[in-house]
Amino acid sequence: MNLATIKQIADLKAEIGSLYIEIADRLSGAVARAKSAAIEQCKNHFNNGGFAIQEAPHQLTAVYQRMEFLLTIDEKAAAGSYCSFTLTPPAALREPNLVIHMLLKDSRSVLNYVDTGDADLVREAERELQAVRAALNGPSPEFGFVVVQRKATGSLPSLVARNDKPTFATFGELLASVYPQ
Numbered sequence: 075m076n077l078a079t080i081k082q083i084a085d086l087k088a089e090i091g092s093l094y095i096e097i098a099d100r101l102s103g104a105v106a107r108a109k110s111a112a113i114e115q116c117k118n119h120f121n122n123g124g125f126a127i128q129e130a131p132h133q134l135t136a137v138y139q140r141m142e143f144l145l146t147i148d149e150k151a152a153a154g155s156y157c158s159f160t161l162t163p164p165a166a167l168r169e170p171n172l173v174i175h176m177l178l179k180d181s182r183s184v185l186n187y188v189d190t191g192d193a194d195l196v197r198e199a200e201r202e203l204q205a206v207r208a209a210l211n212g213p214s215p216e217f218g219f220v221v222v223q224r225k226a227t228g229s230l231p232s233l234v235a236r237n238d239k240p241t242f243a244t245f246g247e248l249l250a251s252v253y254p255q
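For what it's worth, our numbering labels the leading residue of the sequence shown as 75, then goes sequentially.
Each hint should be verified, as a subset may be incorrect.
[Claimed, not checked] The calculated lysine-lysine pairs, modelled on DSS-like cross-linking and capped at a C-alpha distance of 27 Å, are:
hint	residue 1	residue 2
1	K117	K150
2	K179	K117
3	K81	K179
4	K81	K109
5	K150	K179
[As the list claims (entries may be wrong)] Distance windows between CB atoms, simulated:
hint	residue 1	residue 2	range
6	R168	T241	43 to 49 Å
7	N211	Q82	20 to 26 Å
8	A130	K87	41 to 47 Å
Quick caveat, the hints were computed from the structure, so don't treat them as lab data.
Ideal Cβ positions, reconstructed from N, Cα and C, are used throughout, including at glycine.
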């Protein structure tokens, strides 16, 4: 391989690296905005229902007399999820906790590049650069919410298949379907 080709590959890889940072920043910002919107929608849902809201780091409590809902936010991403929420209903209701995952609605909004193993390293780097640019120019990441688990306190969790449950466009829609006004 000649030095000009090596320099060309290095230049392409440098550009790709800086674009990957932009993609990561874009995704991170979208996750933070979606999580904040979900928390705000939860506060509004219960506040509009006459519940008092109390906030603490990584949790929100909605209280009406002795009935208390607790929303716990887990920012550690599980497989395929960018954030998870556990909604614990009042004990008097004898309902299971809901584990809700925030999932990417459309994978086209993030990088979806697979190394083809092309022996021509320049061509491979050019394809990767094209894929990275397409991801940056594509739609902003959007998220949906799905109940992935109903967990009864003190018992083994029963997983709910993603296909069995609808994905909601907003956290507020999910709450309205589970606990309507």
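Verification of the supplied hints:
{"no.": "1", "hint": "K117 to K150", "in the structure": "holds (22 Å)"}
{"no.": "2", "hint": "K179 to K117", "in the structure": "holds (23 Å)"}
{"no.": "3", "hint": "K81 to K179", "in the structure": "violated (39 Å)"}
{"no.": "4", "hint": "K81 to K109", "in the structure": "violated (42 Å)"}
{"no.": "5", "hint": "K150 to K179", "in the structure": "holds (19 Å)"}
{"no.": "6", "hint": "R168 to T241: 43 to 49 Å", "in the structure": "violated (27 Å)"}
{"no.": "7", "hint": "N211 to Q82: 20 to 26 Å", "in the structure": "holds (23 Å)"}
{"no.": "8", "hint": "A130 to K87: 41 to 47 Å", "in the structure": "holds (45 Å)"}
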